[in-house]
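Visitor: Listed here are the chains, written in short residue letters.
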Amino acid sequence: EPEVTQTPSHQVTQMGQEVILRCVPISNHLYFYWYRQILGQKVEFLVSFYNNEISEKSEIFDDQFSVERPDGSNFTLKIRSTKLEDSAMYFCASSVHPRNTIYFGEGSWLTVV
Amino acid sequence: GQQLNQSPQSMFIQEGEDVSMNCTSSSIFNTWLWYKQDPGEGPVLLIALYKAGELTSNGRLTAQFGITRKDSFLNISASIPSDVGIYFCAGSTGNQFYFGTGTSLTVIP
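From first to last, the protein sequence lines are chains A and B.
FYI, the numbering for the first sequence is 1 to 113, going by this note's numbering.
FYI, the numbering for the second sequence is 1 to 109, going by this note's numbering.
Just so you know, these hints were derived from the structure itself, not from any lab.
Incorrect hints may appear among the rest.
[Stated by the list, open to error] Label pairs and their calculated CB-CB ranges:
#, chain 1, residue 1, chain 2, residue 2, range
1, A, S81, B, T62, 44 to 50 Å
2, A, R80, B, S77, 44 to 50 Å
3, A, G72, B, S77, 39 to 45 Å
4, B, A52, A, T13, 41 to 47 Å
5, A, I38, B, T106, 18 to 24 Å
6, B, Y50, A, P8, 30 to 36 Å
7, B, Q9, A, D62, 28 to 34 Å
[Said to hold, decoys possible] No more than 30 Å apart at the CA atoms, straight line, and that leaves these computed lysine-lysine pairs for DSBU-like:
#, chain 1, residue 1, chain 2, residue 2
8, B, K36, A, K42
9, A, K57, B, K70
10, B, K36, A, K57
11, A, K42, B, K51
12, A, K78, B, K36
13, B, K51, A, K57
[Stated by the list, open to error] Reference excerpt, derived from the structure (chain A facing chain B, CB under 8 Å, subset only):
#, residue
14, K42
15, F91
16, P98
17, I102
18, G107
Every residue, glycine too, gets a C-beta built ideally from N, C-alpha and C.
Required output: the full structure, derived from the provided sequences and hints.
Guide: Set out below in structure tokens:
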């Protein structure tokens, strides 16, 4: 069964460093998302991406965050200058259509120290 | 963002019992999804609902899209130990999904 894959599974970074989280969405999906989940809390929407541009973003997704689809398969989330409060599990997801089911990757656990 | 109220927050039940949980919103949603999340892993889709009133089953799981389009219910029948985890509802207005706060389920053998 096709799945969303994410790398790395776990990353520890120093405060102020840049981080890039990578995702390979399901191949025939057109809509891509990043969500995050702070330990013990609910899943929070960060950004959705369609047709090579951001279609919607939350207030969490400030100027420190950016997304890119550098080629036909990868979808990346960059955090420019990490803060302690960026420590969370980051989930990539994809769907055929925004009303359709979204499928999540296994997550990238980011720890900022 | 949208607020989805999910209840109960946690449940402790005996193996074999049935479980019910629900999600309510102040907004109308077009799609409701139910996910299960195990510790350290991504949410795994259980059931997707696309029409008001829709009742869908997946094995021992049954979910319904509320007729007002502002709520959804998930039932698990005859619970087993591997049902343990956190269950999340998610609702979509069309552009993104908003997640509920989760129901933590513990099944006592």
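Visitor: None of the hints should be skipped; say for each whether it holds.
Guide: Hint by hint, here is what the structure shows:
{"no.": "1", "hint": "A:S81 with B:T62: 44 to 50 Å", "in the structure": "holds (47 Å)"}
{"no.": "2", "hint": "A:R80 with B:S77: 44 to 50 Å", "in the structure": "holds (48 Å)"}
{"no.": "3", "hint": "A:G72 with B:S77: 39 to 45 Å", "in the structure": "holds (44 Å)"}
{"no.": "4", "hint": "B:A52 with A:T13: 41 to 47 Å", "in the structure": "holds (45 Å)"}
{"no.": "5", "hint": "A:I38 with B:T106: 18 to 24 Å", "in the structure": "holds (22 Å)"}
{"no.": "6", "hint": "B:Y50 with A:P8: 30 to 36 Å", "in the structure": "holds (35 Å)"}
{"no.": "7", "hint": "B:Q9 with A:D62: 28 to 34 Å", "in the structure": "holds (30 Å)"}
{"no.": "8", "hint": "B:K36 with A:K42", "in the structure": "holds (12 Å)"}
{"no.": "9", "hint": "A:K57 with B:K70", "in the structure": "holds (23 Å)"}
{"no.": "10", "hint": "B:K36 with A:K57", "in the structure": "holds (24 Å)"}
{"no.": "11", "hint": "A:K42 with B:K51", "in the structure": "holds (25 Å)"}
{"no.": "12", "hint": "A:K78 with B:K36", "in the structure": "holds (27 Å)"}
{"no.": "13", "hint": "B:K51 with A:K57", "in the structure": "holds (26 Å)"}
{"no.": "14", "hint": "K42", "in the structure": "holds (5 Å)"}
{"no.": "15", "hint": "F91", "in the structure": "holds (5 Å)"}
{"no.": "16", "hint": "P98", "in the structure": "holds (6 Å)"}
{"no.": "17", "hint": "I102", "in the structure": "holds (6 Å)"}
{"no.": "18", "hint": "G107", "in the structure": "holds (5 Å)"}
The structure meets every hint from the earlier list without exception.
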